[in-house]
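Protein chains: 2
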Amino acid sequence: MTLTISSDEYFMKEALKEARKAFERDEVPVGAVVVCDKTIVARAHNLTETLNDVTAHAEMQAFTAAANYLGGKYLKDCTLYVTLEPCLMCAGAAYWTQIGKIIYGASDEKRGFSTFKTKVLHPSTQIKNALLADESTQLLQAFFEKKRKL
Amino acid sequence: MTLTISSDEYFMKEALKEARKAFERDEVPVGAVVVCDKTIVARAHNLTETLNDVTAHAEMQAFTAAANYLGGKYLKDCTLYVTLEPCLMCAGAAYWTQIGKIIYGASDEKRGFSTFKTKVLHPSTQIKNALLADESTQLLQAFFEKKRKL
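These protein sequences, in sequence, are chains A and B. Read in order, the letters of the first sequence correspond to residues 6 to 155 in our numbering. Read in order, the letters of the second sequence correspond to residues 6 to 155 in our numbering.
Don't take every hint at face value.
Given that identical chains are not distinguished, each listed pair holds provided it fits within a single copy or across any two copies.
[Stated by the list, open to error] Pairs of lysine-lysine, DSSO-like flavour, derived with a Cα cap of 27 Å: (1) K115 x K26; (2) K122 x K18; (3) K152 x K81; (4) K122 x K133; (5) K151 x K115; (6) K106 x K124; (7) K133 x K26; (8) K122 x K106.
Simulated from the structure, these hints should not be mistaken for laboratory data.
One chain only, chain A, in its complex shape (with noise of 0.2 Å):
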């Protein structure tokens, strides 16, 4: 498969690169980025544990760097690449950005937004599952498993 720079599995491979700094840092390793004109304008992993503070997800902080780099809190344009299925608070911030489209790798049954009944995205916002869900998967299990042994 040819990957050109502007393909979803190219910008998913971004946020993966991301999960994995979170990884190195013993963190929960997911990571994010955000799209707009096919350019990256924001890139985030989480860091929860570093920064001592539930609210620092990879999407929370990728949202508010882009808001800052585009200099508008609305990310109508723009599409947020994510390893995870956000939890509902990222998706209660998506909300509030308008973001235009939502892609995710693995499925997170206990906490996704999916998971709720009650549609909770803006009405504007695609959403696109599964993209790379296996590579997320491995890394959230070897997370995991590395936690488990300790």
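Given the coordinates of chain A, work out where chain B should sit on it, guided by the hints.
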């Protein structure tokens, strides 16, 4: 009515002071304090316009500040006082903090977490609403009336 310095009313009045600071900054006037052991450990007001960041709700900042002050990311023994019912993002963040109690003022019939059918908060989080709701509502109404006149 005697207002002891550890009453719910006292702390909600402190949250209302924060909301007024938001009003003066031309922000949607919402304020919050986090209280632990009868002490205010964090205070914050909505800064979404000032920071150009939809995640800068009063509650989100208060959670971050409280965790920073307490040196732990869980707020099990704390109470959040907030002048307006938390949205889904803030309720989702509250879940992660496992906060002991949330007391809010005015209801938000459009985006308040309780408008969603499903249970959003952590099972151990207690909830109380409509505390000094009129004061909060009056401030919000004054803000939106001012905006409409512009």
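Evaluation of the provided hints:
1. Proximity of K115 and K26 under a CA criterion of 27 Å is satisfied intra-copy only: 24 Å inside one chain copy versus 38 Å between copies.
2. Taking the shortest alpha-carbon separations for K122 and K18, neither the intra-copy value of 30 Å nor the inter-copy value of 36 Å comes in at or below 27 Å.
3. Taking CA atoms no more than 27 Å apart as the test, K152 paired with K81 passes between copies only; the shortest distance there is 24 Å, against 38 Å inside one copy.
4. With identical chains, the CA atoms of K122 and K133 are at most 27 Å apart both within one copy (18 Å) and between copies (24 Å).
5. In the homo-oligomer, the alpha carbons of K151 and K115 lie at most 27 Å apart inside one protomer (20 Å), although the nearest pairing across protomers, at 43 Å, exceeds that limit.
6. In this assembly of identical chains, K106 and K124 lie within 27 Å of each other by CA distance both inside one copy and across copies; the values are 15 Å within and 26 Å between.
7. In this assembly of identical chains, K133 and K26 lie within 27 Å of each other by CA distance solely inside one copy; the values are 24 Å within and 40 Å between copies.
8. Both within a single protomer and between protomers do K122 and K106 lie at most 27 Å apart by alpha-carbon distance, with minima of 20 Å and 25 Å respectively.
The earlier numbered hint that this structure contradicts is number 2, and it is the only one.
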